[in-house]
Structures are given as structure tokens and as C-alpha cells.
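Assemble the whole structure, with the sequences as input and the hints as a guide.
Each chain is listed here by its residues.
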Amino acid sequence: MLALAAIRSTRAAAATSWVVSLTSFRARFAGLLSTQTQMQRSAGTSAWENIAQAPPDAILAIGDAWRADPDPRKINLGVGAYRTAEGKPLVLNVVRKAEAALAADPTANKEYLGITGDPTFCKLAREMAFGAGSAAVQEGRITTVQGLSGTGSLRVGAEFLATHYPVKTVFIPNPSWPTHRAIFTRAGMTVKEYRYFQPATRGLDYEGLMADIGNAEPGSVVVLHACAHNPTGVDPTPEQWRGILGVCAQRKLLPFFDSAYQGFASGDLEADAAAIRMCAAMPGQEMLLAQSFAKNMGLYGERVGALSVVCASKAVAARVEGQLKLVIRPMYSNPPRHGAEIAARVLGSPALFEEWKDELRGMAGRIKEMRAALRGALEARGAPGDWSFITRQIGMFTYTGLTRPQCELLTNKHHIYLTMDGRISMAGLNAAGAQYLADAIVDALRSAAPASPRL
Amino acid sequence: MFALQPTASAVIGVGQVRALATSALSASSWFSHVEEAPKDPILGITEAFLKDKNPAKINLGVGAYRDDEGRPVVLPSVREAERRIAGSHFMEYLPIGGLKDFVAESVKLAYGETSPVVASGQVAAVQSLSGTGSCRLFADFQKRYMPKSKIYIPVPTWANHHNIWADAGVPQATYRYYKPETRGLDFDGLREDIMAAPSGSVFLLHACAHNPTGVDPTTEQWREISRLMRDKGHFPFFDMAYQGFASGDCERDAQSIRIFLADGHRLGCSQSYAKNMGLYGQRVGAFSLVTDSAKEASAVESQMKRIARPMYSNPP
Numbered sequence: 136m137l138a139l140a141a142i143r144s145t146r147a148a149a150a151t152s153w154v155v156s157l158t159s160f161r162a163r164f165a166g167l168l169s170t171q172t173q174m175q176r177s178a179g180t181s182a183w184e185n186i187a188q189a190p191p192d193a194i195l196a197i198g199d200a201w202r203a204d205p206d207p208r209k210i211n212l213g214v215g216a217y218r219t220a221e222g223k224p225l226v227l228n229v230v231r232k233a234e235a236a237l238a239a240d241p242t243a244n245k246e247y248l249g250i251t252g253d254p255t256f257c258k259l260a261r262e263m264a265f266g267a268g269s270a271a272v273q274e275g276r277i278t279t280v281q282g283l284s285g286t287g288s289l290r291v292g293a294e295f296l297a298t299h300y301p302v303k304t305v306f307i308p309n310p311s312w313p314t315h316r317a318i319f320t321r322a323g324m325t326v327k328e329y330r331y332f333q334p335a336t337r338g339l340d341y342e343g344l345m346a347d348i349g350n351a352e353p354g355s356v357v358v359l360h361a362c363a364h365n366p367t368g369v370d371p372t373p374e375q376w377r378g379i380l381g382v383c384a385q386r387k388l389l390p391f392f393d394s395a396y397q398g399f400a401s402g403d404l405e406a407d408a409a410a411i412r413m414c415a416a417m418p419g420q421e422m423l424l425a426q427s428f429a430k431n432m433g434l435y436g437e438r439v440g441a442l443s444v445v446c447a448s449k450a451v452a453a454r455v456e457g458q459l460k461l462v463i464r465p466m467y468s469n470p471p472r473h474g475a476e477i478a479a480r481v482l483g484s485p486a487l488f489e490e491w492k493d494e495l496r497g498m499a500g501r502i503k504e505m506r507a508a509l510r511g512a513l514e515a516r517g518a519p520g521d522w523s524f525i526t527r528q529i530g531m532f533t534y535t536g537l538t539r540p541q542c543e544l545l546t547n548k549h550h551i552y553l554t555m556d557g558r559i560s561m562a563g564l565n566a567a568g569a570q571y572l573a574d575a576i577v578d579a580l581r582s583a584a585p586a587s588p589r590l
Numbered sequence: 198m199f200a201l202q203p204t205a206s207a208v209i210g211v212g213q214v215r216a217l218a219t220s221a222l223s224a225s226s227w228f229s230h231v232e233e234a235p236k237d238p239i240l241g242i243t244e245a246f247l248k249d250k251n252p253a254k255i256n257l258g259v260g261a262y263r264d265d266e267g268r269p270v271v272l273p274s275v276r277e278a279e280r281r282i283a284g285s286h287f288m289e290y291l292p293i294g295g296l297k298d299f300v301a302e303s304v305k306l307a308y309g310e311t312s313p314v315v316a317s318g319q320v321a322a323v324q325s326l327s328g329t330g331s332c333r334l335f336a337d338f339q340k341r342y343m344p345k346s347k348i349y350i351p352v353p354t355w356a357n358h359h360n361i362w363a364d365a366g367v368p369q370a371t372y373r374y375y376k377p378e379t380r381g382l383d384f385d386g387l388r389e390d391i392m393a394a395p396s397g398s399v400f401l402l403h404a405c406a407h408n409p410t411g412v413d414p415t416t417e418q419w420r421e422i423s424r425l426m427r428d429k430g431h432f433p434f435f436d437m438a439y440q441g442f443a444s445g446d447c448e449r450d451a452q453s454i455r456i457f458l459a460d461g462h463r464l465g466c467s468q469s470y471a472k473n474m475g476l477y478g479q480r481v482g483a484f485s486l487v488t489d490s491a492k493e494a495s496a497v498e499s500q501m502k503r504i505a506r507p508m509y510s511n512p513p
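Protein sequences, first through last, are from chains A and B.
If you use the working numbering, the first sequence corresponds to residues 136 to 590, in order.
If you use the working numbering, the second sequence corresponds to residues 198 to 513, in order.
It is worth saying that the hints were derived from the structure and are not from the lab.
Errors might be hidden in some of the hints.
A partial selection of chain B residues facing chain A, derived with a Cβ cut-off under 10 Å [what the hints assert, rightly or not]:
| id | residue |
| --- | --- |
| 1 | W227 |
| 2 | A234 |
| 3 | D237 |
| 4 | F246 |
| 5 | L257 |
| 6 | G260 |
| 7 | N360 |
| 8 | E493 |
If you want the ones that stay clear, here's a sample from chain B, every Cβ over 10 Å from chain A, calculated [as the list claims (entries may be wrong)]:
| id | residue |
| --- | --- |
| 9 | P273 |
| 10 | S317 |
| 11 | G445 |
Derived lysine-lysine pairs resembling DSS-like cross-links, with alpha carbons at most 30 Å apart [as the list claims (entries may be wrong)]:
| id | chain 1 | residue 1 | chain 2 | residue 2 |
| --- | --- | --- | --- | --- |
| 12 | B | K502 | B | K305 |
| 13 | A | K232 | A | K503 |
| 14 | A | K460 | A | K387 |
| 15 | A | K460 | B | K472 |
| 16 | B | K248 | A | K449 |
| 17 | A | K258 | B | K250 |
| 18 | B | K297 | A | K232 |
| 19 | B | K236 | A | K460 |
Ideal Cβ placement from N, Cα and C applies to all residues, glycine included.
Now the structure itself:
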């Protein structure tokens with residue numbers, strides 16, 4: 136335990152920091168013990184007076200700006216949460232039912248879960264991702280711990296790898312969800328990128344991807360979006376997945392899947408897990424998986440997720456689980472129970488599970504309709520360019536290829552809020568909104584500097 | 198460089214991938230060197246209790262309230278609150294810093310509704326994952342913003358305190374607290390250790406109902422501890438997991454914090470609602486720091502959020 140603490144202390148001390156702070160950040164474990172600086176400070180003066188204001192989170196700031204806008208035409212396309220056609224958040228019927236059953240259950244209480252969380256939830260989450268019949272599941276080679284949605288599951292996995300995995304390099308796609316970089320950096324790993332998005336086609340840069348991971352140091356960790364890539368909406372085809380996973384096997388790279396949209400992307404739970412299952416089926420292949428139930432079960436703020444580590448043997452998986460607990464305990468002791476209990480009821484009840492699949496198809500279906508509506512509206516207006524990518528991309532987000540000046544025009548002139556990388560959330564659209572957005576895009580293409588999309 | 202032509206790879210079948218995988222990998226694991234972790238000293242007790250078949254068994258390891266029949270308790274006020282909101286709220290993400298109303302009320306509870314630092318907006322605070330999460334946020338914050346400081350931890354203390362600051366990479370020292378001969382406070386030892394610690398050290402104090410000893414300083418002793426720490430320029434961080442639960446009186450249980458505030462300390466606090474509200478597994482807590490001004494509180498809060506975001510994004 137002390138050796139572990141020393142390793143983690145040294146590693147934490149060596150982690151690169153992105154913080155904009157006026158205080159220097161040089162202290163290291165051994166150094167601190169020998170060069171303790173005397174800080175003469177009386178009570179009443181703050182220890183924090185040199186702390187700088189951190190920049191607001193770029194994505195969340197979009198929502199704030201939208202809320203503050205009084206214009207009735209305003210549309211929020213920055214939101215990373217599902218919205219109905221009326222623009223309202225949605226609590227799934229199965230979730231309401233499960234919650235009601237939980238509230239009425241006399242045996243329910245609020246006791247601490249174990250460090251690894253709700254065991255029923257963990258088992259069902261694992262089976263949902265890997266398939267109950269998968270060899271790795273049947274052989275007990277997968278350890279699964281409940282995590283704080285996708286973020287928390289990724290962080291626990293990252294901390295575990297930083298301590299126990301010999302290679303400290305992790306590859307994330309370019310672009311990726313911004314918090315990926317922060318998570319792995321905080322854990323003390325070195326983050327590199329592999330090419331992913333091809334601006335010219337608004338599709339996958341498969342050659343670039345294969346070259347970059349083909350060049351990766353053997354053993355490197357590779358973060359893969361299981362489906363509905365965020366922010367581009369561009370996913371590899373099944374053949375391309377075979378190629379990617381083939382290189383991973385060849386180079387002994389360690390895949391770390393981030394699955395935040397299973398069922399939500401295509402409407403089909405199994406189709407959206409195909410890449411995960413393809414990887415797990417490769418003999419001897421080890422991998423990590425972070426699952427989030429924020430979008431597909433609408434449990435957002437309940438923070439429901441899971442981290443699975445697929446190991447070569449059951450014995451190794453058991454020891455890995457014990458070490459995952461050592462990461463979790465000093466971070467938050469044990470995970471929140473409410474959301475996991477709801478999810479476990481939905482996953483574990485045949486009736487609720489079927490109803491959930493219907494609701495998934497409903498959400499995914501509305502997103503696809505909006506994609507079709509936007510593409511149709513742009514083509515009807517003769518907007519310059521090929522808009523077929525809108526219906527080729529999948530999931531909540533579309534990378535429009537709009538430049539920053541064009542995005543700014545959308546916001547400033549048309550009260551349409553989106554992130555400045557041109558990403559729009561289809562969930563923020565309805566039929567009327569799609570028309571309004573198409574008009575605005577046409578205007579932006581005409582008026583604002585059309586520099587080649589450099590994404 | 199591993200050269201793989203896109204067209205060739207596009208037609209690699211699953212069988213060929215399997216062949217590649219088998220030849221590329223031995224049967225060994227990347228993780229076979231991972232050692233068996235020791236059982237958590239506290240939670241391991243409950244595991245052993247559950248396994249024991251003897252009908253006379255009693256579990257005195259559990260850190261959760263039990264009624265006279267040995268059953269967990271959900272407080273009637275909690276059930277009522279739940280009933281009022283059940284089915285009426287969405288499950289949207291909270292902001293990174295959590296539910297604003299909860300945080301504001303929590304700060305008032307800890308520092309006093311009429312406290313000047315509360316009224317002036319000087320307290321930076323975020324919702325956190327119960328007591329553990331609060332302590333961890335502070336430990337990471339200390340590592341980043343007080344990089345030359347050590348954390349002084351009482352002997353004994355809740356075992357997880359050591360893990361939390363270790364994982365944050367903050368060097369630890371201890372201060373005397375418990376005197377076995379008297380089963381009381383080693384006040385002389387405590388004072389000596391406060392005096393001996395380099396100025397600007399961070400001291401972890403249990404606000405009330407010290408865990409595991411149950412030994413708390415008297416009001417007079419708290420006043421002296423506050424005075425000594427002020428003279429040495431130490432930073433007090435209170436772990437308050439039992440406000441209201443210790444004596445039955447929320448104000449009395451927070452008196453240590455109030456004494457320090459009155460002495461002008463700029464202190465920090467971890468609050469847990471696990472025991473006093475019976476919310477254990479819901480993971481409800483708050484982490485706060487008293488700063489010099491509302492402007493500074495805003496900056497500090499923004500940096501607290503920067504620590505929370507890559508840990509869990511937003512609290513439950």
C-alpha cells in the first residue's frame with residue numbers, strides 16, 4: 136500500500152497541468168520533504184489570493200448564452216442532452232416506472248453500496264455491452280465496477296492504467312470529446328492523437344487513422360468511440376473496424392472503448408455494440424470499456440455508468456477488481472445508488488427492457504428524422520455543397536463543416552447557438568427549427584468568410 | 198512502420214483477424230503482474246460479518262446508523278422530501294458545482310446563517326460526493342495551489358483519510374490526538390505538534406464526533422487550538438461528517454468551525470450528509486473554502502470545478 140501510494144504520489148506530481156495559475160507548480164514528493172518553505176501567513180489573509188479565474192467550460196457556456204437570449208427564434212444546438220420535438224427534456228417511461236417501483240419498495244433503503252457499486256447493475260451493464268453469451272462474459276474474465284457515468288468510469292480506468300499498465304501513452308481521436316484529454320492528463324498519462332475526421336468528405340480519414348495507430352508505440356492505449364463519435368457523428372464501417380482492431384492486435388495496443396450511445400445511435404442495442412463485441416471476441420484480447428447511461432436511459436444527472444476490464448483470465452480479473460477498488464475508495468468511496476437501481480430494474484425486467492428498446496427506437500428515430508429534415512431543407516434551398524453527410528453521420532451530433540465566422544453569424548444574427556467547431560446537436564431541432572436552421576446556414580455560407588474547413 | 202493498405206484491410210475477414218491476434222499475442226495478460234489488493238480494513242469487517250454463520254453475531258464495524266432492531270433507517274423527513282419531488286423532476290445534468298440551492302444552504306448550515314463570510318459571498322463551495330469526495334477535491338486543490346504544504350492528520354483517524362491525500366500526491370505528517378492512558382485527548386501533544394509544524398501547514402480537524410475515537414476537544418480547548426493555529430499561520434481543514442448527529446444540535450456540533458471563523462481563520466470544510474440525513478448511498482456532500490472576497494470566491498470556485506470536471510463531470 137505504501138509503495139502504491141509512493142508510485143501514485145510521484146505520478147501525480149509528474150502530471151502535466153493545464154491550469155492557468157500564478158503559483159508555481161514544481162513540488163515533487165521527495166522534494167517537498169526536504170525543501171519545506173516557510174509560509175508566513177496570519178489568519179485573515181487568504182491562501183488563494185493568487186488563484187486565477189478559470190475560463191468557463193466552452194460547451195456549457197453555450198447553454199448559458201442561449202438561456203440569456205430573449206429572442207423567441209432562438210435555438211440551442213449546443214445541448215448534449217436529448218430533447219423532444221417540443222424542446223423539452225425527456226424522462227423515459229421505463230425510468231418513471233422503475234423509480235415508482237423503487238419508491239414503493241419497503242425493502243429499499245439508502246445504505247452505502249459496496250465500492251464497486253450495485254452488483255446487479257454491474258452484471259446487467261456488462262451483459263448489455265458484451266452480450267450475455269460472449270465467451271469473455273461466460274468465462275468470468277470481465278470485471279465490472281459501477282462508475283460515475285462515462286466521465287467517472289473513464290477516470291477510474293485511466294488512474295488504474297497509470298498505476299498498473301506499463302505504457303503511459305494514450306491515443307485519442309482528432310477530434311474527440313474535450314474531456315477525454317483532461318481525464319487522461321489528470322491521471323498522469325501522455326495524450327497523443329490519431330487522425331480521424333476527414334474535412335473534405337466530412338467522413339472518416341481511414342488511411343490517416345490506420346497510419347497513426349500503426350505507428351503507435353506497442354502497448355499504447357487507444358481510445359475508441361464505440362458508436363456515434365462525438366463530436367463528428369462519423370463511425371467506421373464494420374470492415375474498417377476489422378482493420379482497426381486488427382492493427383490493435385498486431386501492435387499489442389490496448390483498446391479503451393467509450394460507449395455513451397449504445398442503443399441511442401441506431402436504435403439497436405446490439406448494432407451499436409458491434410465494435411465492442413468484435414474486439415472482445417478476438418482471442419486473448421484485453422480491453423477496457425466505459426459505459427454511460429446518461430443518454431440512452433436519460434439518466435444524465437444520476438451519474439450512472441460502468442467500467443469493465445476484459446482480462447486474459449478470471450484470476451487476473453479478480454485481482455484487477457481489487458485494484459480498481461483502491462482507486463475508487465480515495466476518490467468517492469462508493470458510487471450513488473439511486474440511478475443504478477433504476478437502471479438495474481430496467482435492464483433486469485423483461486417487460487421494461489422491451490419497452491426501453493421501443494423508447495430507444497423512438498429517440499434514435501426522431502434524431503434520424505431531423506437529419507433527413509435538415510438535409511432535405513438545405514438541398515431544397517440549393518445550398519452549395521454536398522449535404523449527404525448529414526444523413527450519413529450518426530448519433531446526436533453533426534459536424535457541419537461551418538467555419539468559425541459562419542458559426543458566429545449563426546449565433547449573432549440568427550440566435551442559433553452551437554459550438555464554434557461547427558458541431559450541432561440534432562436533438563435541439565424540430566421540423567420548424569430544421570427549416571429555420573437551413574435558412575440560416577444558407578445565409579452564413581453566402582455572407583461569412585468561407586475558408587476551407589480546417590477541422 | 199506497420200504498413201497496412203486500406204484496400205487490403207477492408208477485406209480482412211474475422212478469421213484473418215483471429216489468426217493475426219493469435220500469432221501476435223501470447224496467452225499472457227497485460228495485467229498478470231497486478232497484485233491482490235488488501236481488503237479495505239473497514240468494509241472488510243462487514244464482508245466477514247456477512248459470511249459468519251453464528252446466530253449470535255453482532256456487527257460493530259458498520260459506520261451506518263441502525264435502529265434498535267438493527268435495521269437501517271430512512272428518515273421520515275427524507276421520505277417526505279422524496280415524496281414531494283417524486284415524478285416531478287427531470288434528470289438533467291446538474292452544473293459542475295452541483296445544485297446551487299443545496300450548496301448555499303449547506304454553507305449556511307456549516308458556517309451559520311448570520312455569519313459575515315456567508316453574507317458577503319466569500320465562501321467558495323461546490324456539491325461533492327459525500328465526505329470522501331469533498332476531502333478528495335480539497336486534497337487535489339491543496340496539491341495544486343499549496344504545492345509546498347503537507348497535510349497533518351490526527352492519530353488515529355478514519356483510515357481513508359490517508360488514502361485520499363496519498364492519491365492526491367500530498368505529503369503527509371501526523372499530529373498527536375488520542376491518549377490511550379486516559380482514553381481522552383492528548384492535548385499537550387496536540388499543542389506541541391501544532392507549534393512544531395512549519396507555518397502554513399494544513400491541519401485536518403474533525404469538527405465533531407472524532408472518528409474513530411469519539412474524543413472531541415472541549416470548547417476551551419478548541420479556542421486554544423484556534424489561537425495556536427492562527428499564531429502559526431496554519432490552514433485549518435474541517436472534516437464534518439456528523440453535524441447534528443453527534444449531540445443532536447447542529448449549532449453545537451459546528452462550534453469548532455464557528456470558533457475558528459470568529460478568530461478570522463480562512464478555513465476549509467468537508468460536509469457529509471451520509472449519517473445526519475441518512476443519505477449514505479446517495480453520496481451527498483459539500484466542499485467549501487472561505488476566501489477574502491466574493492471575487493476571489495468566484496475564482497476559487499471555478500478552479501474547484503476544474504478539478505471536478507475530469508473526475509465525474511457533475512455530481513448526482
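Hints versus structure:
1. W227: Since chain A brings a Cβ to about 6 Å from W227 (chain B), closer than 10 Å, the hint holds.
2. A234: holds (3 Å)
3. D237: holds (6 Å)
4. F246: violated (14 Å)
5. L257: Hint violated; L257 (chain B) Cβ to chain A Cβ min 16 Å, cut 10 Å.
6. G260: At 8 Å from the nearest chain A Cβ, G260 (chain B) passes the 10 Å test, so the hint holds.
7. N360: This interface hint holds because 4 Å falls under the 10 Å limit.
8. E493: Hint on E493 (chain B): holds, closest Cβ of chain A at ~6 Å, below 10 Å.
9. P273: With a cut-off of 10 Å, P273 (chain B) remains clear of chain A, as the shortest Cβ separation is near 13 Å.
10. S317: It holds; S317 (chain B) is separated from chain A by about 13 Å at its closest Cβ, greater than 10 Å.
11. G445: Holds, because the least Cβ-Cβ distance between G445 (chain B) and chain A comes to about 21 Å, which exceeds 10 Å.
12. B:K502 to B:K305: holds (20 Å)
13. A:K232 to A:K503: Satisfied, since the Cα-Cα distance of roughly 27 Å is no more than 30 Å.
14. A:K460 to A:K387: Satisfied, since the Cα-Cα distance of roughly 26 Å is no more than 30 Å.
15. A:K460 to B:K472: Status holds; Cα separation ~22 Å.
16. B:K248 to A:K449: Since the Cα atoms of K248 (chain B) and K449 (chain A) sit roughly 22 Å apart, the hinted pair holds (cutoff 30 Å).
17. A:K258 to B:K250: Judged against 30 Å, a Cα distance of about 27 Å means the pair holds.
18. B:K297 to A:K232: holds (28 Å)
19. B:K236 to A:K460: The given pair, whose Cα atoms are some 9 Å apart, holds under the 30 Å limit.
Going through the hint list in order, the structure does not satisfy hints 4 and 5.
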